[in-house]
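Asker: Each chain, letter by letter, is given below.
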Amino acid sequence: MQLASRIYEANDISAVQELYHSSGWTDGLPIVPPTADAVQACLEWAMMPPDQLIGIEPVRGLAITAEKLAINAVMAGCLPMHFPVVVTAWMAMMQDEFLMHGATASTGGCAVLVVLNGPIRLELGANGTFNALGNSDRATAVIGRAIRLCLINLMDVRPGVIDRSTLGHPGKYSYCLAEDEEDSSWLPLHAQRGVERAASAVTVMAAGAPRQLMNEWTTKPEEILETFAAEMRANLRHYSIHPGNYALIIPKQLREHLQAAGWTKTDIAAFIHERARIHRREWAEVGKGAVVRDRGDSVYPAMESPDQLLVIAAGGPAGGFGAVIPPWLGNKSHAVTLPLGVCIDCEPPKK
Amino acid sequence: MTFRVLDPTAEKAPPAGKLAPRLDTLEGKTVGFISNGKEGTKGFFKHLDQMLREEYGVAKVVSRTKSNYSAPADKHIVDEIKSWDAVVSGLGD
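Protein chains in written order, with this note's numbering: chain E, 1 to 351; chain Z, 1001 to 1093.
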């Protein structure tokens, strides 16, 4: 397997780190040296030649190849088995409707949220329970980091270069979670979004930081969901009025009440769609009166339709904590779900 | 132990656009403005419009606004650029 990338020699591991940091090729954390062997192992696992075109970034016309994704994946700490998820996430990000250039360049400072569904979660040991939005496990940590390193190195999404974020948020280091499908009676996210349930899938969303909420004082579905809706209304007031994909992270303690009452994800989305909306005049209450103009009575829902809500079962077994993950800027970017490529009877090639 | 490690960047420059021929003068020319539509563009382009006409003798200023401030200019705007002598694309941030 012939790789095309330029090779650098470094005398020791410290020299490797300094080479990559000083060249602006990292996120500030140490990287795993991307040697030809490690990169080839990723490509072999995914059964891709190095020059396989994964896609062309639609705005600047940048060609993204398997080899370059693999180099960055190795740097992030990915093992070969993680690499197909990185590839699929990038294929999803390069769909026109994701508007990757706008989302990654914007002053709004969002990150790419990656949600894993299906059997791949179990194969990789991705954990959707304890600390689901934090450092929950190796797989989600390295996959999320690989997405960012690829953006930095393949699209120049560096702070002050293409990345013009005012603040950004910690998810820009890594923002990946697995849905807890085993401890939920709900349809997993990918199945809810039209992918075969038995398949593995990756969903990407241009996402702000999680807004954590808590309600441990009720078992009524409407009251639990009202807390989520209120957090979304706060986002509509304080951040952006644009409707689009919101994600709700619902932990076991809250899920059990909803599921016991027979509420499905579709029921939740319908309820939230009705409740998560504000009048434009409310902006005057939070210091934004200047843009209310003559449209104070206009009503702004958080989503254009209920199916824009991504409901995700995740979180540790105890605690009535949930989260609302808001969109970067409403419908300017749409979440994309893609199944992982499957090959019946295929095994990774043996050396 | 010597490490042989790979370049993680694209290594190839993105497809470059070709610069239009530079103008010797703005006198009598048509200048197009492409605004991203953000609030801050209004004052900026209003002032620039006045300056170009009064101080540089620009004959005509054409103002266009993108439908999505985070995405490239709409096709109908890009098509129109051919009929302009110069373009100013300003950010409103």
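By construction, these hints were calculated from the structure, which means they are not laboratory data.
Fair warning: there could be bad hints in the mix.
[Claimed, not checked] Below are the PhoX-like pairs computed for lysine-lysine, each with C-alpha atoms no more than 20 Å apart in a straight line: (1) Z:Lys1066 - Z:Lys1082; (2) Z:Lys1012 - Z:Lys1029; (3) Z:Lys1082 - Z:Lys1029; (4) Z:Lys1082 - E:Lys288; (5) Z:Lys1046 - Z:Lys1018; (6) Z:Lys1038 - E:Lys288.
Asker: Decide, hint by hint, whether the structure agrees.
Answerer: Structure-based check of all given hints:
1. Z:Lys1066 - Z:Lys1082: holds (17 Å)
2. Z:Lys1012 - Z:Lys1029: violated (36 Å)
3. Z:Lys1082 - Z:Lys1029: It holds: about 13 Å lies between the C-alpha atoms, which stays within 20 Å.
4. Z:Lys1082 - E:Lys288: Violated. Lys1082 (chain Z) to Lys288 (chain E) sits at ~40 Å, over the 20 Å cutoff.
5. Z:Lys1046 - Z:Lys1018: Status violated; Cα separation ~28 Å.
6. Z:Lys1038 - E:Lys288: holds (15 Å)
In this structure, the hints that do not hold are numbers 2, 4 and 5, in rising order.
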